[in-house]
Amino acid sequence: MESLEDVVLKYALLNAVKYGGRAEPKAVMSKIMAERPDLRSKAREIKALVDSVVEKVNSMGLEEQRALLASRWPEALEERKERAEKRPSVEALPPLPEADQSKGVVVRFAPNPDFVLHLGSARPAILNYAYKLKYGGRFVLRFEDTDPRIKKPLVTDEVNAYEAIREDLRWLGVKWDEEYIQSSRMEIYYEHARRLIELGGAYVDLCKPEEWRRLRNAGKACPHRDASVEDNLELWDRMLRGDFGEGEAVLRVKTDLAHPDPSVRDWVAFRIIDTDKTPHPLVGSKYRVWPTYNFAVSVDDHLMGITHVLRAQEHSVNTVKQSFLFKHFGWRQPVTIHFGRLKIEGGSLSKSKLKTLRVRFDDISMPTLSGLRNRGILPEAIWELILSVGIKPSDSTVSMANLLAINRKILDPIADRYMFVPDPVRLSLDLPAKFTVRLPQHPSFPERGHRVYELGPGRVAVYISRRDAEQGEFRLMEFVNVSARKVGEDEYVGEVVGTTIDEARKRKMPIIQWVPDGSPEAVVVKPVAVGKKVEERGLVEAKALELGEGSAVQFVRYGFVKLASRKDRLFTYIHE
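In the working numbering, the protein residues as written are 1 to 576.
Treat the hints as calculated values from the structure; they're not laboratory data. Predicted model only: the values in this text are computed from it and were never measured. Accuracy of the hints is not assured; some may be wrong.
[What the hints assert, rightly or not] Below are the EDC-like pairs computed for lysine to aspartate or glutamate, each with C-alpha atoms no more than 20 Å apart in a straight line:
{"#": "1", "residue 1": "Lys-286", "residue 2": "Asp-274"}
{"#": "2", "residue 1": "Lys-26", "residue 2": "Glu-447"}
{"#": "3", "residue 1": "Lys-31", "residue 2": "Glu-447"}
Required output: the full structure, derived from the provided sequences and hints.
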């Protein structure tokens, strides 16, 4: 049986992970008493222990809390994930054609690891996984990395795209049942190429590229199309031996030379890439003959038992190309659903554009998943956005504002309130008596407690923003009503003109945030555009710097922020 200390630690971690990195003693205590009524006789002893353990847990970063919970009580974390997975919106997804609830579906997410995931690439990952949750079955993660020249996989000292993609999927709550890397399956593709040649469905083309294009556009066969199986097998073996250089030989799939789309006519299945010049980051220069996207995808979809493919409308021509390969082999082609493009206003999703920016891929100004994660966007917000768009075939446009609004809705009940004063000026007050100011952690949840400041009697100083000071009259939140005048560049003197909020309302005073004298400096980093950010300095309540790193809070009248570094007193701005 678990020790009392372990019971308290488990529920403290669960509460902290649920609420963005900060556990509340009262909530932890209530949960323990509800789940373990046998411990009620020890309530006083447990309360002291809860206070101690919660303080320790809150000193950890959010990721550290998750890691400890996962290592000690993985089943508790799984229960939370399972509850999250039972999203009503998943059940509300339109049915998939030919999907059988009793048999389940087999779907896949197949990223090219030439870059990390961004908001647009989260769409197929979430939609495919959502249907796996809806119907049951298997979800396959497949890295499509068979182009070491044009779309070379990104593996450097700074970033490994394979691992970064795995990390992004874990953060999204997407769990894969199987994982494959295409560059480790080359012999399988070679075997199927040979079989395709033997079936008469492919041939080695030695035409010059420009000659091939002329013949293709005219709907005519190249001279090599009707070569014997034996001759093609010999040429194929020569390709594998390295007898040809780049562009000197390709293996083509026989399709329809009269097809209205010229790109479908006898498309390339394998081409030669000089991997001495452009080595593959995983297999180096071991292979020189590489399958094209359509060949490798078709073979893998069949061998992995994929039943349904959900992908962007831009891949519709690939579905047509692949159909010829499935017919040659006598395989059943997966049911394919094409959804429209997703355009994000206010966030460029072009990998080529993102690659040109001289900022880290996980920077908070980037629309990559890691950038959004570091900024403070919750995975639940991304799920809600993607599922709201769904799988409709028409193009869709959403804005970053949509995502931020969803995130705000989720964060609002979770995030405690603190005060941050940008561009601070000193405000001196003469208090006629001692004031005890109680600031709620959250106005909607009084059970979370208060922060208490005692000020006066006599001369005291607080700090407010320059912009607020210039208004002349205002109410200091939960404190007093003030009429202020400027006496120096960064110095104001105030007169207490009331103590109640009703008086402030009668005088139409704005209610402003403030911090007591001695409050620490802090920096808030704000993303202002893709690849661009600014810093804003100010003073913050000291208690805000006692939170675990990764905790999200709301700075009153300023916005939602995430504590990025206690040591550097650094917060990232999430949104208003």
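Comparing the hints with the structure gives:
Only pairs whose Cα atoms come within 20 Å are accepted, and Lys-286 paired with Asp-274 is accepted, the gap being roughly 10 Å. In summary, the hint linking Lys-26 to Glu-447 is supported, as the alpha carbons are separated by about 7 Å, within the 20 Å threshold. Our distance criterion of 20 Å between C-alpha atoms is met by Lys-31 and Glu-447, whose separation comes to about 13 Å.
Hint violations for this structure: none, all hints satisfied.
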